[in-house]
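Q: Make one complex out of these two single chains by using the hints.
Top line first, the protein sequences correspond to chains A and B.
Residue numbers for the first sequence follow our numbering, so the first one is 1 and each next one is one higher.
Residue numbers for the second sequence follow our numbering, so the first one is 1001 and each next one is one higher.
Treat the hints with caution; some may be incorrect.
Computed list of lysine-lysine pairs in DSS-like fashion (alpha-carbon distance at most 27 Å, straight line) [what the hints assert, rightly or not]:
#1 Lys128(A) / Lys1077(B)
#2 Lys291(A) / Lys35(A)
#3 Lys169(A) / Lys1010(B)
#4 Lys166(A) / Lys1077(B)
#5 Lys1026(B) / Lys166(A)
#6 Lys169(A) / Lys202(A)
#7 Lys7(A) / Lys24(A)
#8 Lys1077(B) / Lys169(A)
Think of the hints as simulated: they come from the structure by calculation, not from any bench.
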Amino acid sequence: MTDLLSKYDPLIQERETLLATGVKDPFSLVMEEVKSPTVAICNGKETILLGTYNYMGMTFDDDVQQAGLQALKDFGSGTTGSRVLNGTYSPHKDCEEALKEFYAMDHAMVFSTGYQANLGIISALAGKGDYVILDIDSHASIYDGCSMGNAEIVAFRHNDVEALEKRLKRLPADAGKLVVLEGVYSMLGDVAPLKEMIRICKENGAMTLVDEAHSMGFIGENGRGVCEEQGVIDDVDFIIGTFSKSVGTVGGFCVSNHPKFEIMRLVCRPYVFTASLPPSVMATASTSIRKLMHSGNKRAHLWENSKKLHKGLRDLGFELGTPEAQSAIIAVIMPDLERGAMMWQALLAEGLYVNLARPPATPANMTLLRCSLCAEHTTEQVDQILGMFEAAGKAVGAI
Amino acid sequence: MASRKEIMAKVEALIGPFNNKGVELKDDTTFAGDLEWDSLTVMDFVAAVEDEFDIIITMNMQAEIENVGQLADAVAKLMDQ
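Chain B on its own, in the form it takes in the complex (with noise of 0.2 Å):
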């Protein structure tokens, strides 16, 4: 299975696309706050990365997840189910 860092990687990449303001990408970095994200971009990414693990991530997890790091811990346990 994926290491953590191939999945930061994978999460990193799938964020340029969308990262256009070229904000620098940390653990903390925070999608509604320094990526500045709407709802509209949130779904648009959330289906890039379900796509790209061939996982879901359910709204109801969705709602936890607040920055670039807690995404690629729950991908990682996504893919480890």
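The shape of chain A in the complex, shown without the other chains (with noise of 0.2 Å):
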């Protein structure tokens, strides 16, 4: 017999060398208690929590908490039925509402997650015979919601505007097109140029979908992506967002104009064949999502802080992703894989949690200390993080 699983004998060993050195597990902490969105107790330490993606830190707001508590008392802790079926509930459409109010479209689909939309939507757009044309350091639901549609995929240099043009105009003219971007991009934190990159899709008639995960609630005016804040909200196809990281909770969604955009719910497998999120979770998003509509002082006050973490470890002299602070999220470039698992434990050590990144979910093979803020997170707080970025960095020598 075959063992399957020897597939992974690499992985395995490549994981006992990095615990033999004595560090810890990076990817098993537990949180034993949660006081906040910005502090949880880990290993029995009060620990700071800069790596949670709670970028508006809505997940201990009393509003939202009310909403899900009321919505559990009056329909149960479950659905057990498939959105298509039984599993629609006033709340799940009052959770679309909401969308269509915080993103003023036409259309709003919600999925039991930010993955599932990205595989459902993106499938069901690009079938075999299409082309996704996608950037190289896309998310792992993106490559997987090609996979699933059978689609022809065509990755371009990250954030390459002229990468992108180059290769719609190689393709054939009358084939289906759909560009995949993200507004941030996880791992570096850094933007995409959607202003350009949109307008050369529309020039060159592909269809657009942005993934604004890492921005909704925080970037823009009204908190609406990087589409907003570029201008180009109107001339993007369809939006796709998550419940798991700003909103507070979990889920995912679509969002379009599209006039044939309904026909989606048919057709979306994993959207089809899966059992709706508790009626609960509705109500805590969609009170969460429409008070993320006014929350311009939260929003403010969060650039505060990435903006003055990004200086902080820069003059501490750490290396970081991005040259300037361009969302809530800092990265923390490490030289490898054991030195970045060393300064994660240092950090913990101290009382702060980061995620620890490794390829292949990083581009270029980098290893990162991630750390993404949250509007919660006071000044001082900020200060004391870059007082552990300091004692910890020297401790293992990163600094």
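A: So this is what it looks like as structure tokens:
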């Protein structure tokens, strides 16, 4: 018998080698108690959270929690059904209304996760013989959506406008083309030049989809994302997003002004063949989304936090993923996985949690300590965070 | 249109800057095994080949191309279309 797991032997070996150096397993942290969007107890120690994507700190919002509790009482703990059968309750429709209000768009469709939203929409839009043109650094859910739809995949160099244009021009003029972009790329926290890219897509007859997972609620005057910030939101065909970041719960969605959009409910397999989200989750999401529409002050404070952390880390001598703060993600580039893991552990010992990101999730085989800020981090906490980075960086010889 | 020999010569010239180990290039020289390229190098090289011949090599096609000879054949086919 061939052991089907033997193909993972190199990865098992790499993990064993890493753990043998004495570092804790960075991929099995447990939060024993969560005190707020920015503080949890890990290994019995109070820890500042700087790697949660909880950008707007909505997870402990009173109104959000109350809405969830009420819906749990009124509608029960789950739907036990697909959105197209018995799984659409009024909170699901209300959540889609909240999204339409938030984006000022005609249609909204809620999926059980953001991953499934990309999987479902991309595979249903681009089938065999169609082309998906994507940034090489696209999220796994985008690649998986391409594979699921059997589309031809054409990748271009990260954020390279000219490379995108060249490839679009080489494709058959009459072929179906979907260009998939992200507003903020989650590994380095850099923003896409959407203004130029969307224009080029239109000129070359391609439809466009932008994943705003890491910008919703924060970037743009109304928090609609990088599309809004760069003034191209009306030219984009589909926007994909998630509830598991700024919104502070779980779920995914697609919004669009396309007149035929509603048919997607019947043809997206990850929408049809899975249970819908619990009504309590829908109630927390819609309450949070409506509050995010009027959170200009929180957005301003989050920008202050992000800029302060970026400048502070750069001044300490760390190498960062972007020349300036472009989003709420600040990526610290580490020389290799071993030193990255050592630094991660030293930070945790100081009382700070960040994400350790490693290949193949990262671009250019980089090991990253990825920091994501929250609007609920106080200025004092950002100062504390910088102090922890300085102490840990000196302890492991990273600075 | 270009002959396979001409295509092969151009492909070899494009491999040059990425051939850090000075591996001798034959039809059955593999990119992953012999040249030891990682995914990032492959991406840069594919972009160079695409620009040189003004073609698109989709990721679906790339998955089927393992060695230099297969690449030259694929380029010839794509230029023929």
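Q: Does each hint fit the structure? Answer for all of them.
A: Here's how the hints hold up against the structure:
no.	hint	in the structure
1	Lys128(A) / Lys1077(B)	holds, 20 Å
2	Lys291(A) / Lys35(A)	holds, 22 Å
3	Lys169(A) / Lys1010(B)	holds, 23 Å
4	Lys166(A) / Lys1077(B)	holds, 20 Å
5	Lys1026(B) / Lys166(A)	violated, 30 Å
6	Lys169(A) / Lys202(A)	holds, 12 Å
7	Lys7(A) / Lys24(A)	holds, 25 Å
8	Lys1077(B) / Lys169(A)	holds, 19 Å
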